[in-house]
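Chemist: Residue numbers (this note's numbering), protein chains in the order written: chain A, 628 to 739; chain B, 3 to 116.
These aren't lab readings, by the way, just hints derived from the structure by calculation. The beta carbon of each residue, even a glycine, is placed where N, CA and C say it ideally should be. Incorrect hints may appear among the rest.
To be verified - Label pairs and their in silico Cβ distance ranges: (1) Q658(A) <-> K43(B): 28 to 34 Å; (2) Q44(B) <-> P708(A): 24 to 30 Å; (3) S7(B) <-> S647(A): 30 to 36 Å; (4) S11(B) <-> S635(A): 35 to 41 Å; (5) I645(A) <-> K43(B): 25 to 31 Å; (6) N634(A) <-> F41(B): 19 to 25 Å; (7) G681(A) <-> H87(B): 46 to 52 Å; (8) M47(B) <-> E684(A): 29 to 35 Å; (9) I645(A) <-> T59(B): 38 to 44 Å; (10) L28(B) <-> G668(A): 29 to 35 Å; (11) E65(B) <-> R687(A): 42 to 48 Å.
As the list claims (entries may be wrong) - Cβ-to-Cβ under 8 Å is the rule here; a few derived chain A residues that face chain B: (12) P671; (13) E672; (14) L673; (15) S696; (16) N719; (17) F729.
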Amino acid sequence: QKEVEQNSGPLSVPEGAIASLNCTYSDRGSQSFFWYRQYSGKSPELIMFIYSNGDKEDGRFTAQLNKASQYVSLLIRDSQPSDSATYLCAVNGEAAGNKLTFGGGTRVLVKP
Amino acid sequence: GAVVSQHPSWVICKSGTSVKIECRSLDFQATTMFWYRQFPKQSLMLMATSNEGSKATYEQGVEKDKFLINHASLTLSTLTVTSAHPEDSSFYICSALDDGETQYFGPGTRLLVL
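Let the hints inform the model, and build the full structure from the sequences given.
Modeler: The structure is reproduced here in structure tokens:
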């Protein structure tokens, strides 16, 4: 079983709609959770991080964390074609030091 | 925001030669940097953790004598691919850890070994 799981997609979303991405993790001791966006051929760029249960909003992005259920999600509101990319969920486990465990990524396609 | 640079952005070399890639944190100090490799349509694979002033820690299956890492200052880590072969062709990406737990990635270096 993979330590961090994401649906590979593609997740097809009409422009202006909400894209909802999910990520589950196996290490119950995980402390920190990150969402990165990676455009094709480019390196990942940080969207946001979340440490506590609940919601965290930053512009059009909202991260949601539920440690009891071991999942973290990312909502993208008012999706734009420029949001088309692969979204990587990353988890910093309790025993991992500062190493991140990445999910396989979800490819998002926003159609005009 | 935190900025990390890499140089070169791409390199083509002949089989058997060595290639050095630099990773710099431009506006913050990074005691710890990470080196990743990514093959087409695959996820990031952590190669090693680079700690300033000490030996790097390599992930299982990564040859430390082939991928030499030096982290001589708080803003610079280098990865040298020694005796490169075509199978080493990949996208090499570094990241730098800020004061907290957040990794910021460099733009990556595309290596093609002929």
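Chemist: None of the hints should be skipped; say for each whether it holds.
Modeler: Now the hints, each set against the structure:
1. Our hint of 28 to 34 Å for Q658(A) and K43(B) holds, since their Cβ atoms are close to 30 Å apart.
2. Here the CB-CB span from Q44(B) to P708(A) is close to 25 Å, well matched to the stated 24 to 30 Å.
3. Checking the proposed 30 to 36 Å range against S7(B) and S647(A) shows it holds: the Cβ atoms sit about 34 Å from each other.
4. A hinted range of 35 to 41 Å is violated for the C-beta pair S11(B) and S635(A), which are about 28 Å apart.
5. Restraint check, I645(A) to K43(B): a C-beta distance of roughly 27 Å satisfies the suggested window 25 to 31 Å.
6. For N634(A) and F41(B), the hinted distance range of 19 to 25 Å is satisfied, since their beta carbons lie about 21 Å from each other.
7. Under the hint 46 to 52 Å, the C-beta atoms of G681(A) and H87(B), about 49 Å apart, fit the expected range.
8. The hint said 29 to 35 Å for the Cβ distance between M47(B) and E684(A), and at roughly 32 Å that hint holds.
9. The beta-carbon spacing between I645(A) and T59(B), approximately 41 Å, falls within the hinted interval of 38 to 44 Å.
10. Taken as a hint, the range 29 to 35 Å is violated for the pair L28(B) and G668(A), whose Cβ atoms sit roughly 22 Å apart.
11. A hinted range of 42 to 48 Å for the beta carbons of E65(B) and R687(A) is consistent with their spacing of about 43 Å.
12. Below 8 Å, beta-carbon pairs count as interface contacts, and P671(A) has one with chain B at about 5 Å; its hint therefore holds.
13. For the restraint placing E672(A) at the interface with chain B, the shortest Cβ-Cβ distance is roughly 7 Å, inside the 8 Å limit, so the hint holds.
14. Because the smallest distance between the Cβ of L673(A) and any Cβ of chain B comes to about 6 Å, under 8 Å, the interface hint for this residue holds.
15. Hint status for S696(A): violated, given a least beta-carbon distance of 22 Å to chain B, over 8 Å.
16. Taking 8 Å as the C-beta contact cut-off toward chain B, the hint placing N719(A) at the interface holds, the least distance being around 6 Å.
17. Look at F729(A): its Cβ gets to within about 5 Å of chain B, closer than 8 Å, so that hint holds up.
Consistency with the previously given hints fails for numbers 4, 10 and 15, ordered from lowest to highest.
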